[in-house]
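Chemist: Going down the list, the sequences are from chains R and V.
Residue numbers for the first sequence follow this note's numbering, so the first one is 1 and each next one is one higher.
Residue numbers for the second sequence follow this note's numbering, so the first one is 1001 and each next one is one higher.
Bear in mind the hints are in silico, worked out from the structure with no lab data behind them.
Certain hints may be false.
Here are some of the chain V residues that sit facing chain R, going by a computed Cβ distance under 7 Å [claimed, not checked]:
{"hint": "1", "residue": "VAL1026"}
{"hint": "2", "residue": "PHE1032"}
{"hint": "3", "residue": "LEU1034"}
{"hint": "4", "residue": "PHE1047"}
{"hint": "5", "residue": "ALA1097"}
{"hint": "6", "residue": "THR1116"}
{"hint": "7", "residue": "LEU1126"}
{"hint": "8", "residue": "ASN1211"}
{"hint": "9", "residue": "PRO1227"}
{"hint": "10", "residue": "VAL1250"}
{"hint": "11", "residue": "VAL1251"}
{"hint": "12", "residue": "ALA1253"}
{"hint": "13", "residue": "PHE1256"}
{"hint": "14", "residue": "ILE1257"}
Keep in mind that this is a model prediction, so the values were computed, not measured.
All C-beta atoms, glycine included, are put in the ideal place defined by N, C-alpha and C.
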Amino acid sequence: MNARLLPYLLILPVTLFLCVFFLYPFILVAQQAFSNGGEASLQNFRDVIGYWKFPISLRNTFLLAIIVVPIQLALSLLMATMVSKMKKGRDLVLYVWTIPLGISDLAAGIIWLAIFEQSGFLNSMLAGVGAVDAPVNFLSYQNTFIVFLAIMLAEIWRATAIMLVIIVAGIGLIPKEYYEAAEVFGASPWKRFVKITLPLLRPSLQTALILRVVLAFEVFAVVAALGGTLFPVLMGEIYSYQFDLQNGGNAAALALIVLGISLAFTLIILRALRVPKGATI
Amino acid sequence: MTAVTDTRKAGRWLYVASVGLLCAWVIIPLYFLLINTLSSPETVNSFPKPFIPEFDLGSLQFFAGFQGMLVALKNSVVVAVLTMIISISIGAPAGYALSRFDFRGKEVFRLLILLTRAFPLPLLALPLAVLFIRTGLDDTAVGLALVHTTLAIPFAVLITFSLFSGIPIELEEAAWTLGCTRFTAFTKVVLPLILPGIAASAIFAFVISWNEVFAAAVLTIENRTLPAFLLQTLAESPMHLKFAGGFILVVPALIFIFAVRKYLFAMWGIANR
Chain R
1 MNARLLPYLL ILPVTLFLCV FFLYPFILVA QQAFSNGGEA SLQNFRDVIG YWKFPISLRN
61 TFLLAIIVVP IQLALSLLMA TMVSKMKKGR DLVLYVWTIP LGISDLAAGI IWLAIFEQSG
121 FLNSMLAGVG AVDAPVNFLS YQNTFIVFLA IMLAEIWRAT AIMLVIIVAG IGLIPKEYYE
181 AAEVFGASPW KRFVKITLPL LRPSLQTALI LRVVLAFEVF AVVAALGGTL FPVLMGEIYS
241 YQFDLQNGGN AAALALIVLG ISLAFTLIIL RALRVPKGAT I
Chain V
1001 MTAVTDTRKA GRWLYVASVG LLCAWVIIPL YFLLINTLSS PETVNSFPKP FIPEFDLGSL
1061 QFFAGFQGML VALKNSVVVA VLTMIISISI GAPAGYALSR FDFRGKEVFR LLILLTRAFP
1121 LPLLALPLAV LFIRTGLDDT AVGLALVHTT LAIPFAVLIT FSLFSGIPIE LEEAAWTLGC
1181 TRFTAFTKVV LPLILPGIAA SAIFAFVISW NEVFAAAVLT IENRTLPAFL LQTLAESPMH
1241 LKFAGGFILV VPALIFIFAV RKYLFAMWGI ANR
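The whole structure should be built from the sequences, with the hints applied where relevant.
Modeler: Set out below in structure tokens:
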């Protein structure tokens, strides 16, 4: 077979598949969002933005992302540095730390529900030490802050692992010689981290942050399991437009807004952490 | 001198303690779920909770007997297996092409594959729902598996790319000189070496599909997968049903991470370059 054509033949299935199931639906969403009763209009967007729940769900989604992602970044960097110096038991510790990687957001929500529900483990512990007399209903509208806290903890618990994996892999690619040289010149561990690890980790940080931020704006099932309607988020609103309100146009418009936010953040991260041209490890 | 060893000792202690603490942070919530799953429905709804499981299968039996639950479990497995097969069979050739050939548009292709991850892909299920009704794919395992494949495909391509890159091209070239064609060299030399890695990325695809809830809830009505079923019944289902369902969702994850742990880091390292 012609060796020049072979690579194109090999990537053809993926390309075709993505055209049909990625590009095409994307065009359809846009079409649906920008049309109303068959003609082009911005009515869907006006409806969605004007709905009273929109500012709340937008604020909640952003608030969650802005608090959760930096904590996860710091935590995964800390865990990755801890693991990199480990001699004994490294594999076991890494296995335990990456378990949440395989756990779905719905399951994570249910797991934290076991802790925060009224007859759950947090209440059992508090009652055990005598801090409360009767179980407190944490996940109710009187305790919106605790609802937020539970969702936040579940998100941190579940999704730090993906960043950890990418960062550990990235640290593995940094040549040991740089650290040895820095040590010879008397650089402290903190200095080595800031001057060697962080700059050379940029491509990994890029990937990790993009994946994580996009997923943070997609937060849905954790919230559904823990907060229900107490903590509206964008993805949940799309779901209820589609099912409860049966309004495909509005769902599509809100989907495009989420898409826009995700893309904007992807571009910001790519720009902020760009690798200078020609610089490689 | 003793002051130095003291601070070093303290640092060592702090280090070990924080590693232990972070391990506990991951494991303890899982343990709580295990307690709830292995308790009778009465215990799950009682207060205060025991901190040791009573090894009662009542909740799991209730789960198995709940209308539609086992069907949902079966649907989940079918969709995940289909996703696994589709994404590997179309993703692996692309990974091979990326690792073995220099062709025009290679970098653009790689970037496009990576960029698909920057989209909230489950959202694309919304228009596909309409499209599937027209083509008769609505509410079928195949239809949902196709959508899940868009989620799994970037990983399938990038992981197989890094796997193939790990096998020296010299091995293939040696096979060619010994009379193999490109195809037989691939099946006789590369494939046996790559098979465990392919299995790992297939498991990855399986878990992506197994865990996905939004597209599954949008695209299926009668043939719900387990996450979609649990989500749908979240508001009205009793606590012990939720916990048993959550537990069934978690078990494959534990096995999966254990099975692919060797490949987890290798695949991300090269994918970033």
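Chemist: It remains to establish, for every hint, whether it holds in the given structure.
Modeler: These are the hints, each one checked on the structure:
1. VAL1026: Since chain R brings a Cβ to about 6 Å from V/VAL1026, closer than 7 Å, the hint holds.
2. PHE1032: Constraint on V/PHE1032 satisfied, holds at 5 Å.
3. LEU1034: 10 Å, violated
4. PHE1047: Hint on V/PHE1047: holds, closest Cβ of chain R at ~4 Å, below 7 Å.
5. ALA1097: 4 Å, holds
6. THR1116: 6 Å, holds
7. LEU1126: This hint holds: V/LEU1126 lies near chain R, its Cβ roughly 6 Å from the closest one there, short of 7 Å.
8. ASN1211: 3 Å, holds
9. PRO1227: 5 Å, holds
10. VAL1250: For V/VAL1250, the interface hint holds, since the closest Cβ of chain R sits about 5 Å away, which is under 7 Å.
11. VAL1251: Since chain R brings no Cβ nearer than about 10 Å to V/VAL1251, farther than 7 Å, the hint is violated.
12. ALA1253: 3 Å, holds
13. PHE1256: 5 Å, holds
14. ILE1257: Holds. Min distance 5 Å.
Of the hints listed earlier, those the structure fails to meet are numbers 3 and 11, in rising order.
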